[in-house]
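Generate coordinates for the entire structure from the input sequences, incorporating the hints supplied.
Chain order of the listed sequences is A and B.
Counting along the first sequence from 1, when you hit position 37 you're at 37 in full-length UniProt numbering, and nothing is skipped either side.
Counting along the second sequence from 1, when you hit position 34 you're at 34 in full-length UniProt numbering, and nothing is skipped either side.
What the hints contain is simulated information worked out from the structure, not anything from laboratory work.
Treat the hints loosely; a few may be bogus.
Pairwise CB distance ranges (calculated) [to be verified]: (1) B/264 with A/314: 27 to 37 Å; (2) A/314 with B/268: 24 to 34 Å; (3) B/298 with A/119: 52 to 62 Å; (4) A/402 with B/82: 38 to 48 Å; (5) A/3 with B/181: 46 to 56 Å; (6) B/210 with A/318: 38 to 48 Å; (7) B/1 with A/119: 51 to 61 Å; (8) B/99 with A/113: 45 to 55 Å; (9) A/389 with B/268: 50 to 60 Å.
Here are some of the chain A residues that sit facing chain B, going by a computed Cβ distance under 7 Å [what the hints assert, rightly or not]: (10) 253; (11) 300; (12) 302; (13) 323; (14) 324; (15) 326; (16) 327; (17) 423; (18) 460.
For every residue, glycine included, the Cβ atom is placed at its ideal position computed from N, Cα and C.
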Amino acid sequence: MNQDGTGLVTRSGSLPSEPYDVTVVGAGVVGAALARELARYRLRVAVVESSDDVGEGTSKANTAILHTGFDAVPGSLEARLVREGQRLLSAYAAECGIPVERVGALLVAWDEEQLAALPSLLEKAGRNGHDEAALLDAAEVRAREPHLGPGALGALEVPGESIICPWTTPLAFATQAVRSGVDLHLNCRLTAVGQGDAADGTPHTLRTSRGDVRTRYLVNAAGLGADTVDRMLGHDTFTVTPRRGQLIVFDKLARDLVRHILLPVPTALGKGVLVAPTVYGNVLLGPTAEDLDDKQATGSTAEGLAGLREKGARILPELLDEDVTAVYAGLRAATEDDDYQIHARPGQRYVTVGGIRSTGLTASMAIAAYVTGLLADCGLDLGGESRELAPVTMPNLGENFPRPYQRAELIAADPEYGALVCHCERVTRGEIRDALASTVAPGSLDGLRRRTRARGGRCQGFYCGAAVRELFDRRDWLATR
Amino acid sequence: MRRERTLDVLIVGAGPAGLTVAAGLAAAGAGRVEVLEREEQAGGVPRHCDHGGFGARTFAGFTGPGTSGPRYARSLVDAAVRAGATVRTGVTATGWAGPRTLDTTSPEGLERVTARAIVLATGARERPRSARLVPGSRPAGVYTTGELQQAVHLYGQRIGTRAVVVGAGPVAYAALDTLRRAGVAVAAQVTAEPRHGTTPWRAAEARLRHGVPLLTDTVVSELAGRGRLSAVLVRHRTGRLARLACDTVVFTGDFVPDHELARRGGVPLAPGTRGPAIDAAFRTAVPGVFAAGNATHAVRPAGAVAAEGRRAAASVRRFLSSGEWPPAVRAAR
Chain A
1 MNQDGTGLVT
11 RSGSLPSEPY
21 DVTVVGAGVV
31 GAALARELAR
41 YRLRVAVVES
51 SDDVGEGTSK
61 ANTAILHTGF
71 DAVPGSLEAR
81 LVREGQRLLS
91 AYAAECGIPV
101 ERVGALLVAW
111 DEEQLAALPS
121 LLEKAGRNGH
131 DEAALLDAAE
141 VRAREPHLGP
151 GALGALEVPG
161 ESIICPWTTP
171 LAFATQAVRS
181 GVDLHLNCRL
191 TAVGQGDAAD
201 GTPHTLRTSR
211 GDVRTRYLVN
221 AAGLGADTVD
231 RMLGHDTFTV
241 TPRRGQLIVF
251 DKLARDLVRH
261 ILLPVPTALG
271 KGVLVAPTVY
281 GNVLLGPTAE
291 DLDDKQATGS
301 TAEGLAGLRE
311 KGARILPELL
321 DEDVTAVYAG
331 LRAATEDDDY
341 QIHARPGQRY
351 VTVGGIRSTG
361 LTASMAIAAY
371 VTGLLADCGL
381 DLGGESRELA
391 PVTMPNLGEN
401 FPRPYQRAEL
411 IAADPEYGAL
421 VCHCERVTRG
431 EIRDALASTV
441 APGSLDGLRR
451 RTRARGGRCQ
461 GFYCGAAVRE
471 LFDRRDWLAT
481 R
Chain B
1 MRRERTLDVL
11 IVGAGPAGLT
21 VAAGLAAAGA
31 GRVEVLEREE
41 QAGGVPRHCD
51 HGGFGARTFA
61 GFTGPGTSGP
71 RYARSLVDAA
81 VRAGATVRTG
91 VTATGWAGPR
101 TLDTTSPEGL
111 ERVTARAIVL
121 ATGARERPRS
131 ARLVPGSRPA
141 GVYTTGELQQ
151 AVHLYGQRIG
161 TRAVVVGAGP
171 VAYAALDTLR
181 RAGVAVAAQV
191 TAEPRHGTTP
201 WRAAEARLRH
211 GVPLLTDTVV
221 SELAGRGRLS
231 AVLVRHRTGR
241 LARLACDTVV
251 FTGDFVPDHE
261 LARRGGVPLA
271 PGTRGPAIDA
281 AFRTAVPGVF
291 AAGNATHAVR
301 PAGAVAAEGR
311 RAAASVRRFL
321 SSGEWPPAVR
331 AAR
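In structure tokens, the structure reads:
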């Protein structure tokens, strides 16, 4: 912790020798949300993250949907935490300026089997507490989505489903946590755990790529690596099988083709793909679902992309006429179980948060509150009532909210907000400067893109790539200005 | 609050097309003529083409050596300014507020500019790796020629040690020159075509003098590498696969018009080029809105584009004096 009460953000060097009260392994959306939650108590908290940024794994490469949980398994932990998390994150997003658009979802039925599945999905939505869901006939579907391909027989409408910025969310959590005293250690890979002793209070010793760090309580939020970390503590209760989802991001000029999140109807033959707008004004097509062994296989494949385009052509034919802006693939942390794998081990002062699959973004804040309760059950002294954290305001990356280049008063106060650098995404030099000087600053050009959208547009750097890199390379100098 | 202004002609894009239109109109006394350039320097793509041959004149069958891209860009800017046009840099046209009214952003603030005629000269860009749907990982070290040339010639940035160049058109050979300037070895050049698309002399020079193998009938099938590019996987027409170790790949050519502003303004596109559809007089289907240069067709040399600009200027001048617009403009080219 710094003298002013803010936390450290480190990327290299040895780790502090003073033991932490709680250390969270993994700075994905779940780990970051937990760090923020723990920051509300009088605790010394650290997050250790193997990559060079927050939200660098599965959290950055998903479908960016704030789910209602209408289709969760009723009574499951996931169903409960998704429902609570949706409410918490919606409120938090509004408070911090994380872009969210409540566009609603349509589960479109393309054949009789899918059509027949809709009533039971409606009933399930009701049991999950979503009474506003409704069935639509073919004409109603067409009226809501005029660019849909031919053959849509009907749909289930779920009004509460929203799109959200998956990059700003973990960053907001981490920013608020660090400003409230949590230390964030990046490029810090956990290699082994030397267990402490709860009886005499000896802390655990975490062996990392940057040396040892000691902690009384340990939380495993390692995402794809959660099973590996669990085994370091001697547990063999689940295995993470990475399920790859490839996604295609279409040009912003496609945005007017679709109004809702178009979800597939799950049937025995497997899940189809979705078409959804993004808060950045693009249209997403995907994901594939490929069970793999390699936890680093975040590449796209020719077959995967061809398959997506074939399915997309049926859902929204005109989409395929537009250029592709980006392609990415993320790995969902699937396990052999249908539910989240959240387990408290009081004897070890240890909590596992594993198997957080595609709903982790939505549920993150509820998971954080739940895990904090489990830590208290394990004996962690929370030190009294929680405090309100100083609010954070994140830079807006959403197309539906005013961006700096549109704001005369901002440009008048600081002309750097009128100096466009990335033309496709309309990112100004002022925004890039701010990101480079921010609490959790980017460690790479990709990190800068996730904070500003710079070089994330259709030209992928043809116009601005060198200019953005120049600003990034001069970041130490810029940050002082 | 937006500052509102009116002009006679507003030209979007200060590349060879836009600057020549501006020079022609201003010289002919077309009133207040202004060119908006979103980059900090006017001149367009030639700014970062650090090779000769720009503005070369052909006389009696012989073509002169011409000048370098940056010098040519400056001469076009000077000519437009000397003729009386205003060239404003760092100003972006962000959208339409009326049929001939554009909203702009610059460090000076927001403006709403209405003109009697608007000329879209927004140019073209290379399609990047993602739009080409090249699968694989997303490492650093993936360039288009445009980005590469700016990185090397404008900023002197470090590129890498060993590159693969995708494409064998004239732009690919320009990319080879830039890589050589940056001290990057070239592992191979790859093209889906059966042969190169440049002059025999250029192709022979690359292959024989600089030892760059040209793999024809070959496509890039995958990029590999975590963090940084480690290899480009290629596939020959026969199905034969190869792995080319490299830390840099440059996707060259495959130009597409930068058509966002046209489309946002409801200007119909020509299906073949995906640029604004225009007639022989550079008129789009929207009255008072013209388009010229590489925004309207596959990329042509700067000199040819500038010649287009001069003809477009004459057409805009005729419109300003007559106010006539044919009822239905069809794509003539």
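Against the structure, the hints:
Between residue 264 of chain B and residue 314 of chain A the beta carbon distance is about 28 Å. The supplied range of 27 to 37 Å therefore holds. Between residue 314 of chain A and residue 268 of chain B the beta carbon distance is about 27 Å. The supplied range of 24 to 34 Å therefore holds. With their beta carbons about 53 Å apart, residue 298 of chain B and residue 119 of chain A fall inside the hinted range of 52 to 62 Å. Judged by the Cβ atoms, the range 38 to 48 Å given for residue 402 of chain A and residue 82 of chain B holds: they are separated by roughly 40 Å.
At roughly 49 Å, the beta-carbon separation of residue 3 of chain A and residue 181 of chain B lies within the given 46 to 56 Å, and the hint holds. Residue 210 of chain B and residue 318 of chain A have their C-beta atoms about 45 Å apart, which keeps the hinted 38 to 48 Å range intact. Between residue 1 of chain B and residue 119 of chain A, the C-beta spacing of about 54 Å keeps the proposed range 51 to 61 Å intact. Between residue 99 of chain B and residue 113 of chain A the CB atoms are about 50 Å apart, so this pair conforms to the stated range of 45 to 55 Å.
Look at residue 389 of chain A against residue 268 of chain B: about 53 Å separates their beta carbons, and that is inside 50 to 60 Å. Given hint, residue 253 of chain A at the interface with chain B, holds; its Cβ is 6 Å from that chain's nearest Cβ, closer than 7 Å. Checking residue 300 of chain A against chain B: minimum C-beta separation of about 4 Å stays under 7 Å; hint holds. Interface hint status for residue 302 of chain A: upheld, as the beta-carbon distance to the closest one in chain B is roughly 5 Å, under 7 Å.
For the restraint placing residue 323 of chain A at the interface with chain B, the shortest Cβ-Cβ distance is roughly 5 Å, inside the 7 Å limit, so the hint holds. Below 7 Å, beta-carbon pairs count as interface contacts, and residue 324 of chain A has one with chain B at about 5 Å; its hint therefore holds. Contact between residue 326 of chain A and chain B, as hinted, is supported at the beta carbon level, the nearest pair being about 5 Å apart and thus within 7 Å. The interface hint given for residue 327 of chain A holds, since its Cβ lies 5 Å from the closest Cβ of chain B, which is under the 7 Å cut-off.
Given hint, residue 423 of chain A at the interface with chain B, holds; its Cβ is 6 Å from that chain's nearest Cβ, closer than 7 Å. Evaluation of the residue 460 of chain A hint against chain B yields a held restraint, the C-beta minimum of about 4 Å falling below 7 Å.
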